[in-house]
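Number of protein chains: 2
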Amino acid sequence: MRNDAGPREPADELNRLLPAGRVLTDPQVTGSYAHDEAEWAPHGLPAAVVRPRTAEEVRTVVRVCLDHGVPLVTRGAGTGLSGGANAVDGCVVLSTEAMTAITEINPLERLAVVEPGVVNEDLRTACAEHGLWYPPDPASARWSTIGGNVATNAGGLCCVKYGVTRDYVLGLQFVTGTGELVRVGRRTAKGVAGYDLTSLLVGSEGTLGVITEVTVRLRPRREPEHTVAGHFASVVDAGRAVAAVAEAGVTPSALELIDRHCLAAVDAWKHMGLSTEAEVVLLGRSDAPGPAGELEADTMLACFEGAGATYAVRSTDQHEAEALFEARRLAYPALERLGPVLTEDICVPKAAVPEMLGRVDAIAARHDTLIANIAHAGDGNLHPLLITPPGDERARDRAQAAFVEIIAEALALGGTVTGEHGVGLLKRDGLRDELGPAVLALNRTVKDALDPMHILNPGKVVSSSRKDS
Amino acid sequence: MRNDAGPREPADELNRLLPAGRVLTDPQVTGSYAHDEAEWAPHGLPAAVVRPRTAEEVRTVVRVCLDHGVPLVTRGAGTGLSGGANAVDGCVVLSTEAMTAITEINPLERLAVVEPGVVNEDLRTACAEHGLWYPPDPASARWSTIGGNVATNAGGLCCVKYGVTRDYVLGLQFVTGTGELVRVGRRTAKGVAGYDLTSLLVGSEGTLGVITEVTVRLRPRREPEHTVAGHFASVVDAGRAVAAVAEAGVTPSALELIDRHCLAAVDAWKHMGLSTEAEVVLLGRSDAPGPAGELEADTMLACFEGAGATYAVRSTDQHEAEALFEARRLAYPALERLGPVLTEDICVPKAAVPEMLGRVDAIAARHDTLIANIAHAGDGNLHPLLITPPGDERARDRAQAAFVEIIAEALALGGTVTGEHGVGLLKRDGLRDELGPAVLALNRTVKDALDPMHILNPGKVVSSSRKDS
Chain A
1 MRNDAGPREP ADELNRLLPA GRVLTDPQVT GSYAHDEAEW APHGLPAAVV RPRTAEEVRT
61 VVRVCLDHGV PLVTRGAGTG LSGGANAVDG CVVLSTEAMT AITEINPLER LAVVEPGVVN
121 EDLRTACAEH GLWYPPDPAS ARWSTIGGNV ATNAGGLCCV KYGVTRDYVL GLQFVTGTGE
181 LVRVGRRTAK GVAGYDLTSL LVGSEGTLGV ITEVTVRLRP RREPEHTVAG HFASVVDAGR
241 AVAAVAEAGV TPSALELIDR HCLAAVDAWK HMGLSTEAEV VLLGRSDAPG PAGELEADTM
301 LACFEGAGAT YAVRSTDQHE AEALFEARRL AYPALERLGP VLTEDICVPK AAVPEMLGRV
361 DAIAARHDTL IANIAHAGDG NLHPLLITPP GDERARDRAQ AAFVEIIAEA LALGGTVTGE
421 HGVGLLKRDG LRDELGPAVL ALNRTVKDAL DPMHILNPGK VVSSSRKDS
Chain B
1 MRNDAGPREP ADELNRLLPA GRVLTDPQVT GSYAHDEAEW APHGLPAAVV RPRTAEEVRT
61 VVRVCLDHGV PLVTRGAGTG LSGGANAVDG CVVLSTEAMT AITEINPLER LAVVEPGVVN
121 EDLRTACAEH GLWYPPDPAS ARWSTIGGNV ATNAGGLCCV KYGVTRDYVL GLQFVTGTGE
181 LVRVGRRTAK GVAGYDLTSL LVGSEGTLGV ITEVTVRLRP RREPEHTVAG HFASVVDAGR
241 AVAAVAEAGV TPSALELIDR HCLAAVDAWK HMGLSTEAEV VLLGRSDAPG PAGELEADTM
301 LACFEGAGAT YAVRSTDQHE AEALFEARRL AYPALERLGP VLTEDICVPK AAVPEMLGRV
361 DAIAARHDTL IANIAHAGDG NLHPLLITPP GDERARDRAQ AAFVEIIAEA LALGGTVTGE
421 HGVGLLKRDG LRDELGPAVL ALNRTVKDAL DPMHILNPGK VVSSSRKDS
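Those sequence lines, one after another, are chains A and B.
1 is the number of the first residue of the first sequence in the UniProt record's numbering; add one for each residue after it.
1 is the number of the first residue of the second sequence in the UniProt record's numbering; add one for each residue after it.
Simulated from the structure, these hints should not be mistaken for laboratory data.
Keep in mind that this is a model prediction, so the values were computed, not measured.
Errors might be hidden in some of the hints.
Note that the list lumps identical chains together, so a pair holds whenever it fits in one copy or between two copies.
As the list claims (entries may be wrong) - With a straight-line cut-off of 20 Å between C-alpha atoms, the simulated EDC-like cross-links for lysine to aspartate or glutamate are: (1) Lys161 with Asp397; (2) Lys161 with Glu405; (3) Lys161 with Glu223; (4) Lys270 with Asp89; (5) Lys161 with Asp287; (6) Lys161 with Glu320; (7) Lys270 with Asp287; (8) Lys161 with Asp298.
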């Protein structure tokens, strides 16, 4: 309900209701909050950016948006790759950047309570001081926030053994689409009191609520890892090695694929002395304790060799092993230096990894597009990276066509259109194809139920049932 | 919409639409489908019991119920302990007992696809033949079904290390409250395409949909376990040992508490030669591979001794260790031989376990009620078992009062009213107290969205927003 006696502009009302300095309206500044890192995803310009410091302030923001019928787009660090945090024209962008408190780290209960703006790496560092470990480790961990990780159900390198963000979220405090501040979930190890609204919020990309606090499960610090590296003549050979590791019954703590394009781009940027002789490098790790870890590493080595590795070795040098994983994490920003990078995020059954990588190669050739590959290969979660020369519109059109084809091939192989980056804007068509009309309608029903006024990140993931999407 | 041209009775219409033998209406027979194992939970009598064999037949049942406005109560083996499967008068009970196919066990993708009526133990046995392991292991594993386990998000003994049913459900096929047959979730290791309707259905106790197929994640077969047993003079001492294990950074593969009452009841029934000298027995296990497992077992032993165990030992006899865990699993049916048993299912923070066990003792004394204790102690998931002499109404009233007080104390200690048995009927008041009005309203909003005609297991968990609950 619009308050006709009050100020008409949401920014004015936010300024009136919140402490000084919370609201930004200078277009030079607000423009930098207008989009995430998804290449080519459309975005509008926010009417205001607000940086609340407390849950109550977040509630005020939601209520002002409700009052004015203005869309609210929540963002963390803006490292998303699907456009999920992109502004729509005239919206309020809520940035969680000022909510950075680590409220509790509890070694006995093995949990932490944090505000949404806490950077992933900062939480991991703080946990380590207590002998604890927060596993989810997206490659963006140095910049991305726990709130953003929860909103997208972020994955990472260790997911192949330890699962994704949702597996670590015990409870949430959030503001609903009707402006209520609520707590869901728990602090106990188990609990089945009511529907699992916690899991429902995780991965909902700001469309069902605005997260103000996260309670995460922690693990004890783990053993140092053993690293195995293998060079392969083709992505398909590397894919066969991945399938062999799964068949051997090993659960590696990481199993990452990086191709020559990525290694070359990282080396050109960071001068790490990386070998670019191999077409593809596979990096396997085991953190099983004691002799079990040795055995797993040896088994992976044998799998790499059996799949035709041109070179394979157990790394004895911890520094060298770290450099290889650092190269993996830097692959995306390194490639971005060459031109716009459109990031794919498909996930296919493990058995389909070689076939899918082969199809990506074929698509690259067919559309004359440079496609580099990084992959959480052990999960079947592939990130083909489509690189175009800056300013080349025709190359962009070709890459766009390749992007669509990769999604279709992933679905044809029984995969999903997004393994960990989220639907955002870039995967909305893919989502429709994947879910089909009945499940899409169920998703919309849930959206309508939790955000009845349709102010929370409209147009992302699914639209309301009232709108065409 | 009622089909005025057709038969007026749902049983007649079900008989007309389904193959012969699917529908039971003999009250002698249908009465045995009227309730689960929750003592004192109210139940009505079904108008018909139907045992469909396919997902399409399930859809037919849902559509007939929609057409006639008749409530539909789904049940697996009926081993539930909260009344979640209890019939309401005139309802249709859908039993999944005839849907017992294990459709797929896939070692490479580490998943299985099963019909809902598959018994937990049967799935575990089938997986073991492929070197695989389905972890969730409720004490009812020999009887309870995967469908029921999913509907209640069942826990079990190994949850302390391996998580609960929800952690293993990758995807579901189910019939919605509007009679659509849909698939949610995936077969891939990761995926964030749309809201997590899979987790929403898990633990929803048949109130949001009727599950027709479950895709579960599997693990590789694990190492043989090391077992540590400790005798304690009080539940509080045992509780301190549990806290010490958590503080020592050990993640046991089981950490179970059984008191003297349970051991005596099992021994009187099964003549297993169990010692009943100890007031309380703690059973710890480690399945960490190789020397790590030895170290964990030794650490647990030291924790037991440090907390004042009167006797503690690492079991070297696998048969003896199995007998102790068998006694744990048989505790509930053994006590039932003595009289009606009202089963609690609270879960408290680990640090609160000694305090909570002490309060249970005090409540037992205050209400002159025999309360035996079994507990997934490492999770803080306690099952006080309130035992009353058959036919003693006043004892029953005292036990009922104790039951309510235990729930209140669990909430006061930051716990939950149900760790793994579900809300059903017995925990509806507790649920209200735990969630509070705003979150309860959110739960109802979700219920209304997915079951708009309010035919799915009405009165369980939360009522629709249209009804008082």
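task: Provide an ascending list of the numbers of those earlier hints which the structure does not satisfy.
output: 1, 2, 4, 6 and 7
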